[in-house]
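Protein chains in written order, with this note's numbering: chain A, 1 to 340; chain B, 341 to 716.
Simulated restraints on C-beta separations:
id, chain 1, residue 1, chain 2, residue 2, range
1, B, Ser350, A, Leu65, 54 to 64 Å
2, B, Asp604, A, Leu65, 22 to 32 Å
3, A, Glu32, B, Arg497, 31 to 41 Å
4, A, Ser260, B, Ala698, 47 to 57 Å
5, A, Leu65, B, Ala698, 31 to 41 Å
6, B, Asn586, A, Asn83, 36 to 46 Å
7, A, Glu28, B, Asn586, 42 to 52 Å
8, B, Asp631, A, Glu32, 14 to 24 Å
No more than 27 Å apart at the CA atoms, straight line, and that leaves these computed lysine-lysine pairs for DSS-like:
id, chain 1, residue 1, chain 2, residue 2
9, A, Lys185, A, Lys171
10, A, Lys290, A, Lys311
11, B, Lys671, A, Lys45
12, B, Lys540, A, Lys74
13, A, Lys290, A, Lys171
14, A, Lys55, B, Lys565
15, B, Lys540, A, Lys55
16, B, Lys671, A, Lys39
17, B, Lys671, A, Lys31
18, A, Lys49, B, Lys620
19, A, Lys74, B, Lys557
20, A, Lys36, B, Lys671
21, B, Lys712, B, Lys671
22, A, Lys49, B, Lys557
23, A, Lys308, A, Lys235
24, A, Lys202, A, Lys318
25, A, Lys290, A, Lys166
26, B, Lys423, B, Lys367
27, B, Lys557, A, Lys55
28, A, Lys81, A, Lys92
29, A, Lys55, B, Lys620
30, A, Lys226, A, Lys311
31, B, Lys565, A, Lys49
32, B, Lys565, A, Lys74
33, B, Lys620, A, Lys45
34, A, Lys55, A, Lys45
35, A, Lys45, B, Lys565
36, A, Lys49, A, Lys36
37, A, Lys229, A, Lys290
38, A, Lys291, A, Lys112
39, A, Lys49, B, Lys540
40, B, Lys565, B, Lys620
None of these hints come from the bench; they were simulated from the model.
Every residue gets a Cβ at the ideal spot worked out from N, C-alpha and C, and that includes glycine.
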Amino acid sequence: MNEVVDDLFERLLNDPNTTIDQSLLIYEIIKESKIKCSKYDFMLKRLNKDINVTKNYLNASIEDLQEANEEISKVNNELSKMNRNAHENLNKLEIAYTDLEQFAYITTHDLKQPLRTILNFVGLLKSKKGDQLDLEAKMFIRFILDSGNRLDNLINDMLAYSVIGKSGNSKEFIDTQSLISNVLKDIETQINDSNAEVTFDKVSEIFGFQSDLRSLFQNLISNAIKYSKPDVAPKVHISFIENKNAWFFSIEDNGIGFDSNQKEKIFNIFQRLENARHVSGTGIGLAHCKKIVELHGGKIWAESVPDKGSKFSFYIPKFEMKIMVSQSVKNNSMKCNISA
Amino acid sequence: MNVRIIDGQSTNDIQSQIEILQMDGFKPTLCIVFANNVEYVSELLNHLSSVSLEVIGCSTAGSIFNDEIVEDSTILMLLDLPKSLFEIQNFSFSECENEFHASEKIAEHALQSFSNPGVIFFSSGLSRDGAQVVEGLKSKLRLNAGIFGGLAGDGTRFERTLSFTKNQIHEDGIVALILDEDKIQIDGRAVSGWEGLGRKNVMTKANGNILYEIDNKPALEVFNKFFNTNVGIETVPWEYPLEIINEKNGTTKLRSILQLNSEDNSLVLAGGVDEGDVFKFCNPPTFQEVDNSINNFQEFSKTVEDAEALIMVSCKARHTAFGPILQDEIKGIRSHWNLPMAGMLAYGEIGKSRNSVACDFHNATTSLITLKQIEN
Numbered sequence: 001m002n003e004v005v006d007d008l009f010e011r012l013l014n015d016p017n018t019t020i021d022q023s024l025l026i027y028e029i030i031k032e033s034k035i036k037c038s039k040y041d042f043m044l045k046r047l048n049k050d051i052n053v054t055k056n057y058l059n060a061s062i063e064d065l066q067e068a069n070e071e072i073s074k075v076n077n078e079l080s081k082m083n084r085n086a087h088e089n090l091n092k093l094e095i096a097y098t099d100l101e102q103f104a105y106i107t108t109h110d111l112k113q114p115l116r117t118i119l120n121f122v123g124l125l126k127s128k129k130g131d132q133l134d135l136e137a138k139m140f141i142r143f144i145l146d147s148g149n150r151l152d153n154l155i156n157d158m159l160a161y162s163v164i165g166k167s168g169n170s171k172e173f174i175d176t177q178s179l180i181s182n183v184l185k186d187i188e189t190q191i192n193d194s195n196a197e198v199t200f201d202k203v204s205e206i207f208g209f210q211s212d213l214r215s216l217f218q219n220l221i222s223n224a225i226k227y228s229k230p231d232v233a234p235k236v237h238i239s240f241i242e243n244k245n246a247w248f249f250s251i252e253d254n255g256i257g258f259d260s261n262q263k264e265k266i267f268n269i270f271q272r273l274e275n276a277r278h279v280s281g282t283g284i285g286l287a288h289c290k291k292i293v294e295l296h297g298g299k300i301w302a303e304s305v306p307d308k309g310s311k312f313s314f315y316i317p318k319f320e321m322k323i324m325v326s327q328s329v330k331n332n333s334m335k336c337n338i339s340a
Numbered sequence: 341m342n343v344r345i346i347d348g349q350s351t352n353d354i355q356s357q358i359e360i361l362q363m364d365g366f367k368p369t370l371c372i373v374f375a376n377n378v379e380y381v382s383e384l385l386n387h388l389s390s391v392s393l394e395v396i397g398c399s400t401a402g403s404i405f406n407d408e409i410v411e412d413s414t415i416l417m418l419l420d421l422p423k424s425l426f427e428i429q430n431f432s433f434s435e436c437e438n439e440f441h442a443s444e445k446i447a448e449h450a451l452q453s454f455s456n457p458g459v460i461f462f463s464s465g466l467s468r469d470g471a472q473v474v475e476g477l478k479s480k481l482r483l484n485a486g487i488f489g490g491l492a493g494d495g496t497r498f499e500r501t502l503s504f505t506k507n508q509i510h511e512d513g514i515v516a517l518i519l520d521e522d523k524i525q526i527d528g529r530a531v532s533g534w535e536g537l538g539r540k541n542v543m544t545k546a547n548g549n550i551l552y553e554i555d556n557k558p559a560l561e562v563f564n565k566f567f568n569t570n571v572g573i574e575t576v577p578w579e580y581p582l583e584i585i586n587e588k589n590g591t592t593k594l595r596s597i598l599q600l601n602s603e604d605n606s607l608v609l610a611g612g613v614d615e616g617d618v619f620k621f622c623n624p625p626t627f628q629e630v631d632n633s634i635n636n637f638q639e640f641s642k643t644v645e646d647a648e649a650l651i652m653v654s655c656k657a658r659h660t661a662f663g664p665i666l667q668d669e670i671k672g673i674r675s676h677w678n679l680p681m682a683g684m685l686a687y688g689e690i691g692k693s694r695n696s697v698a699c700d701f702h703n704a705t706t707s708l709i710t711l712k713q714i715e716n
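Required output: the full structure, derived from the provided sequences and hints.
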C-alpha cells in the first residue's frame, strides 16, 4: 500500500504542472494517511491476534466443558447403578425387616402361652403341695417363679416393642395435658411408694399416635422415678416448649444419673446402665422410647451427671400436622367456594 | 508554581537545557526524572545534585514527553516548588520486612512532616507487590489522601528496574515524594477499559504476586492451554491481563502478567492477589475505548481546570495493546489542559478510579496526576 502511495507521490512531484504548494499539501496528506494506515495496520494485526486468542480460548473452554460433561455422565452412570443397587438392597432389607418383625412377634407371642402354663402349674405346685416340699424344693420353686416372671415381663416388653406403630390407628391431635395426668394416675402406686414429686409445665396439644405417646411418657417418667438415689425422694419435672417447627419435651430427675459416655448406648435394645444393675428392668424401655419418637419423625437424646440426675429430651416435628392443617384449610376453602 | 519539561539524550544535553532555563530566570527546586535509558542515570544524578535540585525518579518501559511516547530518552519535569512544601524519602526493601512495612515507614515520615500529606512514589517493578505498597500507605494516611505513582519499568527486558533520589539508586527499593496537601493540591484519575472474557476461574494457590494454581491446576499449564502460547519473555501477554472480580460488590481490578515461570509453572503478576480470588481472562479494548478514556478524562478535567502540572503513568500493557493509538489517547488527554506533561509507561499504576474516594493500585490503566499549588 505504502509503495503504491509513494509511487503516486513521485509521479505527481515529477509532473511539471504540480506547484510547490500543491506538492506540500499532497505530502502532508500522504504523511497523515501513512500514520493512519500504520495505526489501522497495528489494530488489524492485534484484532487478528485477539480473534486467535478468543478462538483458542473458546476451543479450550469447549474442551473443558466436554471433559466435564463426560465426567458428569460417568458419575451419573455410577449414581444410577448405585441407585439401582440401593433400591434392590432396600427391597431386600424391607423383606428381611418384615420377616424379623413377624418372627419377633410370633416368637414372643408363642412363648408367652407355654410360659404362662409353666408359671400357673408351678404356682399350683407351691399352693397345693407346698407343705409336702422340703426347704430346698421351696427355694427351687421361688427361683422358677422369679425367673419365669422376669421372662414374662421381657416377652410383654418385646411384644409391645414389636407392635409400635402397628395399632392401625391414625395420628390425631392429643390433649397432652390429660395424657400426662392419666400416665401419672397409672403409676400412682410407684409414685406413692417412692414419695416421688412429679411436676410438669403447661403443655399444648400435639399431633401423633395416642397410645404410643402415652407409652413414651410412661416409660420416661417411670424410669425417672425408678433410677432414684437411695433415701432421696425422686423429683421429676416435665418441661415443654414449642416453636413453629416442633414440640420439645424434657423429663429431668434428681436420680443416680449415668456416665455421659453411655448416653448413646442406653437407647440400644437390652442395654442397661452399669450403675443400675440392682434396679429391675428388661433393657427395652429406652429402645421403646426411641422407636416411638422416631416413628413420629423426631429425635431423642439424654444428658446426665452421675449422682446428680438425668435429663431425657425429645422433639416431635410439626411437619405432618402442617400438611394436614393446610390440606384441611384447602378443603374448607374449596367447600366455601362451592357453597358461595 | 512554574513547570518545565526536558527531553534529554545525555547528561550534557540535559545539563545545557537546564542552563538555558536558568538563564531564562527559571529556578527549579524539584526534578522528577523518567529514564528510559538508565546508562547515564548515575552521572545525571551527580549533575542534578550539583545544581541543588531535589530528585526523584525511576526507570521506565517508555517515557512520555507532552504528547509523545519516547524511547532511549530521559524526561525531566522541573518544578519551582518551595522546599518547605515537599520532602523526599527512600527505602531499600531489604531494610524492611516487606513492601507494606516499607510504605508504612514512608507514611510515618510523611505524617511527621505535614498534617495532610500526599505521596507520589516509584517502586521497583519486578518482584515487588505494588498493591501492598499502597495498602501500607493507606493504613496510616487519611482515606482520601493523594497516593499516586507507579512501578518502575525496564522496557520489555524485565531485567533491572531502578528507582532513585539524588543520592541513592535502588534496584529493589522505593522512593517517595511527600507533598503538603494543604499547600499543593494533588488529584488524579485512572482509567482502564478492559473487560473479562468467558468463564470464571479461581486462584486456588497464590502468594503475594505469584499465582501458582488456577482451579487446582498449575497456573502456567492453564494459561498455555487457553492462550496456546510458549513460555518466554517475548510471549508475555501484557495485553491479556486477569480481571479479578470482587463477588461481594461486583467491582473488578486488573492484574497484568509480568512473567511466565516454567520452573515452578507459575505466573508472576504485576500486583498481589489472594487465594480464592475469582477472575476472568481478558481481551484488550479497541478504538472505541480510547475515545471513552479521553472523554472520561475530559469529565475529570472539569474538576481540576486550573491544574499546573500533569504527570502520566500509563501501563506498558496499554502500549502493547494499543500500539501507535496510545499516542492518540495521550494527546487527547493532555489536550484538555494543554499543560506540560511528563510521565512513563510502567509495570503498575497507582491512581483514583472514577467515583472512588481512595487511591488504589491498578494494572492496564492510564493514571493521570494533576498538581496545583494552592495560593495563600
